[in-house]
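**Student:** Using the hints provided, position chains B and C relative to the given structure of chain A.
Chains as they are written, first to last, in this note's numbering: chain A, 1 to 152; chain B, 1 to 152; chain C, 1 to 152.
Rather than coming from a laboratory, the hints here were simulated on the basis of the structure. Where hints are given, some of them may not hold.
[What the hints assert, rightly or not] Simulated coverage check for chain A against chain C, where a stretch passes if three residues somewhere in it have a Cβ under 8 Å from a Cβ of chain C:
| id | segment |
| --- | --- |
| 1 | 38-47 |
| 2 | 50-62 |
| 3 | 73-87 |
| 4 | 90-101 |
[As the list claims (entries may be wrong)] Here are the simulated DSS-like pairs of lysine-lysine, each with C-alpha atoms no more than 30 Å apart in a straight line:
| id | chain 1 | residue 1 | chain 2 | residue 2 |
| --- | --- | --- | --- | --- |
| 5 | C | 122 | A | 35 |
| 6 | A | 122 | B | 48 |
| 7 | B | 21 | B | 61 |
| 8 | A | 47 | C | 122 |
| 9 | A | 122 | B | 61 |
| 10 | B | 122 | A | 21 |
| 11 | B | 122 | C | 48 |
| 12 | A | 37 | A | 122 |
| 13 | A | 47 | C | 151 |
| 14 | B | 122 | C | 37 |
| 15 | C | 151 | A | 61 |
| 16 | C | 4 | B | 4 |
| 17 | B | 37 | B | 47 |
| 18 | A | 61 | B | 47 |
| 19 | B | 37 | A | 4 |
| 20 | C | 4 | A | 4 |
| 21 | C | 37 | B | 61 |
| 22 | A | 37 | C | 151 |
| 23 | C | 151 | A | 21 |
| 24 | B | 61 | A | 61 |
| 25 | C | 4 | B | 122 |
| 26 | A | 21 | C | 37 |
| 27 | C | 21 | B | 21 |
[To be verified] A partial selection of chain B residues facing chain C, derived with a Cβ cut-off under 8 Å:
| id | residue |
| --- | --- |
| 28 | 122 |
| 29 | 138 |
| 30 | 145 |
Cβ coordinates follow ideal geometry from the N, Cα and C atoms, glycine included.
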Amino acid sequence: MNPKDPALQTYFIAASIMSLKMMLQAWITVYRMFKVKGGYLHPEDIKKTGLNPNPNSNQLKPDPYVERSRAMQRNDMENIPVFLIIGLLFAMTRPALWITQILMYGYVASRLLHFYALGTAKTHDLRATFFTIGSLIVIGMCAYVLIFAIKG
Amino acid sequence: MNPKDPALQTYFIAASIMSLKMMLQAWITVYRMFKVKGGYLHPEDIKKTGLNPNPNSNQLKPDPYVERSRAMQRNDMENIPVFLIIGLLFAMTRPALWITQILMYGYVASRLLHFYALGTAKTHDLRATFFTIGSLIVIGMCAYVLIFAIKG
Amino acid sequence: MNPKDPALQTYFIAASIMSLKMMLQAWITVYRMFKVKGGYLHPEDIKKTGLNPNPNSNQLKPDPYVERSRAMQRNDMENIPVFLIIGLLFAMTRPALWITQILMYGYVASRLLHFYALGTAKTHDLRATFFTIGSLIVIGMCAYVLIFAIKG
Numbered sequence: 001m002n003p004k005d006p007a008l009q010t011y012f013i014a015a016s017i018m019s020l021k022m023m024l025q026a027w028i029t030v031y032r033m034f035k036v037k038g039g040y041l042h043p044e045d046i047k048k049t050g051l052n053p054n055p056n057s058n059q060l061k062p063d064p065y066v067e068r069s070r071a072m073q074r075n076d077m078e079n080i081p082v083f084l085i086i087g088l089l090f091a092m093t094r095p096a097l098w099i100t101q102i103l104m105y106g107y108v109a110s111r112l113l114h115f116y117a118l119g120t121a122k123t124h125d126l127r128a129t130f131f132t133i134g135s136l137i138v139i140g141m142c143a144y145v146l147i148f149a150i151k152g
Numbered sequence: 001m002n003p004k005d006p007a008l009q010t011y012f013i014a015a016s017i018m019s020l021k022m023m024l025q026a027w028i029t030v031y032r033m034f035k036v037k038g039g040y041l042h043p044e045d046i047k048k049t050g051l052n053p054n055p056n057s058n059q060l061k062p063d064p065y066v067e068r069s070r071a072m073q074r075n076d077m078e079n080i081p082v083f084l085i086i087g088l089l090f091a092m093t094r095p096a097l098w099i100t101q102i103l104m105y106g107y108v109a110s111r112l113l114h115f116y117a118l119g120t121a122k123t124h125d126l127r128a129t130f131f132t133i134g135s136l137i138v139i140g141m142c143a144y145v146l147i148f149a150i151k152g
Numbered sequence: 001m002n003p004k005d006p007a008l009q010t011y012f013i014a015a016s017i018m019s020l021k022m023m024l025q026a027w028i029t030v031y032r033m034f035k036v037k038g039g040y041l042h043p044e045d046i047k048k049t050g051l052n053p054n055p056n057s058n059q060l061k062p063d064p065y066v067e068r069s070r071a072m073q074r075n076d077m078e079n080i081p082v083f084l085i086i087g088l089l090f091a092m093t094r095p096a097l098w099i100t101q102i103l104m105y106g107y108v109a110s111r112l113l114h115f116y117a118l119g120t121a122k123t124h125d126l127r128a129t130f131f132t133i134g135s136l137i138v139i140g141m142c143a144y145v146l147i148f149a150i151k152g
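The following block holds chain A by itself, in its conformation from the complex:
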């Protein structure tokens, strides 16, 4: 397996963007917790420390602004790891480059649009549209890999 193979190269680009996106969501949660000085999860987080000089127990209450970022991260967890693996297996089957590019960059675009729609509280229907596109791409790649492997 050679990362210079064009289909694999496409996968490397899509996979690293999606991985970055998922890692950055945790930092968006951190940013939001700092901004509202709350939304913390654990009792020890209201001990007085350098990062929390004036703790109070309200900081442990769920905060909608912080919780939205956590919901976005849960949505990432539900979707991105499966893409990361099935994308690799798909690329290993030596598919046509143009199909690989449409599927992988289409997936990246659908997830970034979903991120935008959920992050800015757009309507459910718009968010569901982006989710559906990404989900169908992954399901299609799963089916392709399964058929490829069964046919041997």
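**Tutor:** Structure of chains B and C alone, referenced to chain A:
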């Protein structure tokens, strides 16, 4: 690495089935939200849209039928991504085909039975049995990969 | 791709340790549920069975000791699957061995220290330090893989 290698082929089949299973769980949640017209997560989901023509605030209350599907998906997230990776690494060590088949298809069977037991609210003890089989298979593969790599 | 390649061998060791860690977190949750005889998630878990001979409805209340283990597992889910994939892609780019070892074993160390800090309720600031080290390592590997693939 050649997807036509028999151990890798077995892995491709198991991995694509498990990936499909995890993707479909999201659609089971969607199906259940449509069926009960509720169990939504975000405030914007009770805006009037084509998919939600008669919104009301009760739609944001947790619904047990919907939450069960979300719990099933969380259980998938806890288990399937690790299998997807460690299964690939295991297959790359060129294990005997029959061992690979027992472990990988055994894992798929244990997860589908766990899905059945949790989805139909069978007893904890039955569900725990299926969980344990799948978990021990993955732990065994982790230990094998670790020893293989340390021995060089 | 040859698992005997030194960078890949380093990855195999780090990946199998991180996979084991994530699998064992589920068993820590199980251990804690048995110890407090509670913290169960599903209504069917208070049916009388061999593993739960004296059920009562309080067993479905969230228990802080059990919930902490679930929070640790959620933190694993947010972080480890991305490392498992991006670590593989990073190793496939044939990086220098010493860099690979620093990044991968540094990641393993940061996650085990985070596990210790969260598991024993150390201060937020200590826990955040370990989280940050691991997160920056993964983000760095993502950026490296992305640049490597774009440069072709």
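**Student:** So if I understand the rule, the pair passes when the alpha-carbon distance is 30 Å or less; does residue 37/A with residue 122/A pass?
**Tutor:** holds (26 Å)
**Student:** Quickly compare the C-alpha distance for residue 151/C and residue 61/A to 30 Å and report which way the hint goes.
**Tutor:** violated (46 Å)
**Student:** With a cut-off of 30 Å on the C-alpha distance, tell me whether residue 122/A and residue 48/B pass.
**Tutor:** Holds. Residue 122/A to residue 48/B sits at ~12 Å (cutoff 30 Å).
**Student:** Taking only the CA atoms, is the gap from residue 37/B to residue 4/A under or equal to 30 Å?
**Tutor:** Roughly 49 Å between the alpha carbons, so the hint for residue 37/B and residue 4/A is violated.
**Student:** So is the segment 73-87 of chain A in contact with chain C by the C-beta rule, three or more residues under 8 Å, or is the coverage claim wrong?
**Tutor:** holds (count 6)
**Student:** Holds or violated: residue 122/A and residue 61/B, Cα atoms, limit 30 Å.
**Tutor:** At roughly 20 Å apart (the allowed maximum being 30 Å), residue 61/B and residue 122/A satisfy the hint.
**Student:** Is it true that the CA of residue 47/A sits at most 30 Å from the CA of residue 151/C?
**Tutor:** With a Cα-Cα distance of about 47 Å, the restraint between residue 47/A and residue 151/C is violated, given a limit of 30 Å.
**Student:** Decide if the proposed pair is consistent with the structure: residue 4/C and residue 4/B, CA atoms, cutoff 30 Å inclusive.
**Tutor:** holds (20 Å)
**Student:** Tell me if the straight-line CA distance from residue 61/B to residue 61/A falls inside 30 Å.
**Tutor:** Holds - the C-alpha atoms of residue 61/A and residue 61/B are around 19 Å apart, at most 30 Å.
**Student:** Just to be careful, I want the Cα atoms of residue 21/A and residue 37/C compared with a cutoff of 30 Å; is the pair within it?
**Tutor:** Between residue 21/A and residue 37/C the Cα gap is close to 39 Å, so the pair fails against 30 Å, i.e. violated.
**Student:** Between the segment 38-47 of chain A and chain C, are there enough contacts, at least three residues with CB-CB distance under 8 Å, for the coverage claim to hold?
**Tutor:** Coverage by chain C holds here, the residue count being 7 at a Cβ distance below 8 Å.
**Student:** Can you confirm whether the C-alpha distance between residue 4/C and residue 4/A stays at or below 30 Å?
**Tutor:** Judged against 30 Å, a Cα distance of about 20 Å means the pair holds.
Consistency note: the structure conflicts with the earlier hints numbered 4, 10, 13, 15, 19, 22, 25, 26.
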